[in-house]
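Fit chain X with the ligand to the supplied structure of chain B, relying on the hints for placement.
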Amino acid sequence: MAGKTLYDKLWDDHVVKQREDGTALIYIDRQLLHEVTSPQAFEGLRLAGRKPWRIDANIATPDHNVPTTDRSGPIADEVSRIQVQTLDDNCDEFGILEFKMQDHRQGIVHVVGPEQGATLPGMTIVCGDSHTATHGAFGALAHGIGTSEVEHVLATQCLIQKKMKSMLVRVDGELGPGVTAKDVVLAIIAKIGTAGGTGYAIEFGGSVIRGLSMEGRMTVCNMAIEAGARAGMIAVDEKTIAYFEGRPYSPQGDDWEKAVAYWQTLQSDDDAEFDAVVVLDGSQIKPQVSWGTSPEMVVAIDEALPDPDRESDPVKAEGMRRAYEYMGLKPGITMSDVVPDRVFIGSCTNSRIEDLRAAAAIARGRKVSPKVKQAMVVPGSGLVKSQAEKEGLDKIFVEAGFEWREPGCSMCLAMNADRLGDGEHCASTSNRNFEGRQGYGGRTHLVSPAMAAAAAIAGHFIDVRDMA
Amino acid sequence: MEKFTQFEGIVAPLDRANVDTDLIIPKQFLKSIKRTGFGPNLFDELRYLDEGQPGQDCSHRPINPDFVLNRPRYKGASVLLARRNFGCGSSREHAPWALTDFGFRAVLAPSFADIFFNNSFKNGLLPIVLDEKIIDELFQQVAANEGYSLTIDLETQHIIKPDGSRIEFDVDPFRKHCLLEGLDDIGITLQDAELIKAYEARRKANSPWLFDVIK
Ligand code: SF4
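Protein sequences appear in the order of chains B and X. Here our numbering is used: the first residue of the first sequence is 2, the next is one more, and so on. Here our numbering is used: the first residue of the second sequence is 26, the next is one more, and so on.
If you are wondering where the hints come from, they were derived from the structure by calculation, not from laboratory data. A couple of the hints might just be wrong.
[To be verified] Listed next, the in silico DSS-like pairs over lysine-lysine satisfying Cα-Cα at most 30 Å (straight line): (1) B:52 to X:186; (2) X:222 to B:18; (3) B:166 to X:59; (4) X:222 to X:186; (5) X:229 to B:240; (6) X:28 to B:101; (7) B:5 to X:186; (8) X:229 to B:164; (9) B:287 to B:374; (10) B:18 to X:229; (11) B:317 to X:59; (12) X:240 to B:52; (13) X:222 to B:317; (14) B:163 to X:100; (15) B:163 to X:28; (16) B:10 to X:59; (17) X:240 to B:391; (18) B:101 to X:186; (19) X:201 to B:163; (20) B:396 to B:368; (21) B:317 to B:287; (22) B:259 to X:201; (23) B:163 to X:229; (24) X:100 to B:164; (25) X:100 to B:317; (26) X:59 to B:163; (27) B:18 to X:201; (28) X:186 to B:164; (29) B:166 to X:186; (30) X:158 to B:52.
Nothing here was measured: the structure is a model prediction, and the numbers come from that model.
Next comes chain B alone, as it looks inside the complex (with noise of 0.2 Å):
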């Protein structure tokens, strides 16, 4: 018999019962909650009369619509304001943990969790979030789910899930200098497309995907959604156990010797069996830079944007040309061509401080481009600001002509006051280029941290190996 997948071991220590049909009880051992997608399911949970099985099990904090400038007063916009209070409200009333937004170490979900050493290893961890693949990074089985589900987790503790196909997705080699995660991922999605992944779990490995740190695994696991994957994960190695050594609720004493040994065996058997393998050559990988509305619309930064006409599937080049028509590019040109009205540097994909770090390498003694009209830096978390502003990266931004702000997802999603206007370009590090995902008419390219901040100071995309 072959051995078993990563995927597997997770799956199989969380059934709490196989049901007939083919679908399981699956025990839920952290639930992150946020704003936006809990509202409706503790109004659920009370029209019902139920209460939450278990409290201890659950962690909120409010990051999709809180402003990411001074927050002394209340949040102006007036349906934002509700949004976060009603969070605040359910959670003491049911008597959870919530990090709200005065606290130090408030932040975006996916960046909270792991800091804060609320995910684990070997858990199996859900949140009303797509992204919530980030955590898989550590070893732990981690997707999204919709407001229903959340609802049922928090009265149930479980979810009823299908086990999912699994895919192993293998970069090997090394990556070259200025080549980041964020590249990786976006090569990976140019690759095997946004629905490559629909109906199964990705497990990354790979000599690249070791070489990573933690927060480059995070950046991975994090846009296997935008791959089609609810679930991205990584075999635990010694980089996973230290980075929770010492964190506020990482196992201590006998129970860390005992969870590290458990931590220890997640990986997928040598003899484990995938539905499917996808290689890449991280040696091959380039800069990436998206061109059009869907994460796989992606080019190196020396690549000519593709032409629709030479796209075999007419549904694709249909696609194509809309996303052409929105983004007011022509095939043929290269990303050098295209000036961005702003910059934005954060989101759970790329706002942790290594991120902060690689940006700050590229900004350090230069200017923002008079090109650019806003340039602006938005830390994941509050504790990874004030790291930051102990490495005076915040000065290196500030002089450079970035704004530092207070963290949150911030013009990721634009739901606060961060935002594109119609028709601007912005050189984003966040993970969706969605027609109007940052703003009505905003235009949206994804890179990694470093090409953002070099497009922010050359005033146009570059290559980012062109500026070190």
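What follows is chain X with the ligand alone, placed relative to chain B:
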């Protein structure tokens, strides 16, 4: 949830692939703390010529006459015909909420994004996966026949065309059962409360660090 049995409805065609959840319901409307009222903002950026705001009365906004749902012939449509990878993007359940609030009860497409697919069943919206060829034919037939309607019969898992011919479709037995009976998942799961408690006790014994830490 209301029981889902058989219904007949006008088909509206949305001829584009990778329709994402931002397109189905843009983020500014996610600020609502309710489950209802999203219908007027379904496909907001395609349907109107201006930028929509939450809480606004949509009846006075400039309509995009080219958008398919605005054409009189599709008024009252309850079946949405779509292309591959429908519902990709975020986990927002506001997407099926907006579709059902508008009046849709079924979406036919060659493929769906996983989370959207799952969310739909929880809200009485039936996503049906059909062969790309069948979808192509339906697009042609809808375009050629004003008032084109389909009958969707969940019990027998058939779509019945105006000429009486039938298309069979697959549906997960558990989800079908829940839809037909209008069952609430939570109630079903809680029937297994003893099993959940037993699992939890074992987990607490072998992984105590997962319990009582976050308070
Ligand atoms: S940063 Fe963006 S993608 Fe991440 S949780 Fe916030 S809105 Fe979603």
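Against the earlier hints, flag every one the structure doesn't satisfy and list their numbers going up. 1, 3, 4, 6, 7, 11, 13, 14, 16, 18, 22, 24, 28, 29 and 30
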